[in-house]
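Q: One letter stands for each residue in the lines below.
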Amino acid sequence: MIFTADSRFHRQLIVVNGLLPALLMLVDGWRGKLGANPVEFVTRATGVLTLVFLVLTLLVTPLRKIFGWNWLLKQRRLIGLYAFFYSVAHLLTYLVGDRDWQILTVAEDVYKRPFIAVGMISFILMVPLAVTSTNAMIKKMGGKRWAQLHKLTYLITIGGVVHYYMIVKSDITYPVFFGVITAVLLGYRAVMSFAKA
Amino acid sequence: MSGSPKIPSSEITPEETFLNRRFFMKSAVWAGSSLATAGLYQAFAPRAEIKDVGQVITTVSEPEIQSVLAADEKVNSYGEIAGYNNYYEFSTDKSEVADKARNFVINPWSVELGGLVHQPRTFDLESLLKIGSVERTYRFRCVEGWSMVIPWVGFPLSRLLSLVQPMSQATHVAFETYYDIKQMPDSGSAGIDLPYIEGLRLDEAMHPLTLMATGLYGKTLPNQNGAPIRLVVPWKYGFKSIKSVVKITLTDKEPATTWSLANSREYGFYSNVNPTVDHPRWSQARERRIGESGTRETFMFNGYAEQVASLYAGMDLRKLF
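Protein sequences appear in the order of chains A and B. The first sequence begins at 1 in the numbering used here and counts up one residue at a time. The second sequence begins at 1 in the numbering used here and counts up one residue at a time.
Honestly, the hints are just simulated from the structure, not real lab data. Source: prediction; values computed, not measured. C-beta atoms are modelled at their ideal positions from N, C-alpha and C, and glycine is treated no differently. Keep in mind that a hint or two might mislead.
[Claimed, not checked] Stretches of chain B that chain A covers, calculated by requiring three or more beta carbons in the stretch to come under 8 Å of a beta carbon on chain A:
hint	segment
1	24–30
2	87–98
3	103–117
4	268–276
Produce the complete structure using the sequences and hints provided.
A: And the structure:
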């Protein structure tokens with residue numbers, strides 16, 4: 001990939017803004033300002049950030065098609081990697097905070113709690129996407145196959161929204177918010193491919 | 001293209017100006033985007049500082065009620081208790097309730113006692129406080145899996161009920177929370193029917209541990225904790241301990257309760273703390289004590305089995321959860 005001055009600038013912007021919530025959370029944690037239940041807050045925040053970055057990757061195609069912002073394409077894998085980064089943080093918070101590092105109890109938990117299973121499946125599906133996010137992997141796989149594989153993002157995002165919807169007690173505002181955005185972004189693709197056919 | 005018009009040299013931006021403008025634009029984007037990101041994070045981050053605005057309540061000592069806390073259990077701080085609340089009328093974000101309930105009007109206040117009683121009566125706050133306050137430090141276990149130790153101030157509910165003389169056919173007590181959408185504008189998205197209603201069996205209501213709390217840490221309750229008066233049933237999940245009570249009705253049947261109306265599979269009428277009966281979506285075997293790292297074991301009836309287990313003798317607590 002060739003980096004122009006502009007794409008370097010875009011990249012730096014995304015790197016810094018993507019890292020900022022994590023840094024602010026670390027600072028708040030250091031100062032003991034994560035509220036009465038820091039584990040709950042960090043779990044929710046990292047989960048929501050994962051969804052935010054997943055949705056942002058899905059936003060790239062419509063923005064290119066509608067506004068011609070083709071420069072976004074160069075940054076999409078970085079945005080996706082941030083989704084993966086926050087999902088790893090989310091999983092680690094769960095392992096430390098909810099499971100007390102008792103890794104063996106995770107299997108039982110996945111079996112007992114369907115929303116954990118849905119989250120875990122979505123996470124596992126993200127791993128191959130993160131692994132194949134380098135230029136070398138695109139070359140090795142071939143652009144078409146690579147793009148096919150990375151359509152898994154659709155399933156992952158739906159899984160993430162369902163996972164969120166399943167855990168809230170009664171106020172479904174945020175899961176529905178992400179659900180609507182995801183539906184619009186995936187619906188856009190469906191309509192476009194239908195129009196093409 | 002050969003036909004492109006010549007741009008007069010006066011209209012070409014000098015390189016220096018161009019670079020300056022670019023630098024300025026870039027700086028603006030840097031500042032704008034990072035401020036927006038940080039601002040978004042802050043909007044969702046837990047609110048800081050909880051101010052103690054309560055007035056001192058005089059209490060009498062009651063040596064007969066022994067503290068049942070284990071040696072390693074510490075009372076939670078005022079900031080923890082008043083900064084982390086489930087009060088869906090104000091917000092479903094526990095760290096936001098204190099802020100949203102700041103201007104809740106609790107004066108004047110009255111609690112209407114009626115139903116199957118010989119002496120129905122409406123109490124104002126002053127006459128409720130005259131019943132006489134004691135200090136009770138109880139464990140508080142939320143159905144969500146977290147817990148605290150809270151130094152309440154209040155009086156046993158039995159003393160209030162005896163003032164209105166329940167009729168012999170009364171078997172249950174129904175409670176209702178104050179509700180006003182104008183004061184609770186975010187309640188529309190709570191996802192539960194309001195006003196919030198709860199209930200107890202009469203023998204549970206008359207149990208000496210069952211408290212009407214009017215204070216915390218020796219002072220009047222903060223709004224977010226259910227001011228000016230709330231129920232505290234320490235051996236049941238926290239949602240049974242209904243806040244900001246305006247109505248208490250004696251009945252001869254099991255009253256409907258908000259959470260079992262919302263989801264009867266997940267929340268039962270009894271909702272006794274029970275580590276052996278899991279919530280359908282999570283385990284109840286352990287709990288996260290606020291202020292501690294790691295989790296601790298959840299006790300049967302929240303550690304009050306000795307005092308209350310006899311109320312449920314012979315009952316299948318798996319069915320009557």
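Q: Quick one: see if chain A covers the segment 268–276 of chain B, three-plus residues with Cβ-Cβ under 8 Å.
A: Check failed, 0 qualifying residues.
Q: Taking beta carbons only, do three or more residues of the segment 87–98 of chain B come closer than 8 Å to chain A?
A: holds (count 4)
Q: How does the coverage statement for the segment 103–117 of chain B fare against chain A, requiring three or more residues with Cβ below 8 Å from a Cβ of that chain?
A: With 0 residues close enough to chain A, the hint is violated.
Q: Taking a Cβ-to-Cβ distance below 8 Å as contact, does the segment 24–30 of chain B have at least three residues touching chain A?
A: holds (count 3)
Checked against the numbered hints given earlier, this structure breaks hints 3 and 4; the rest are met.
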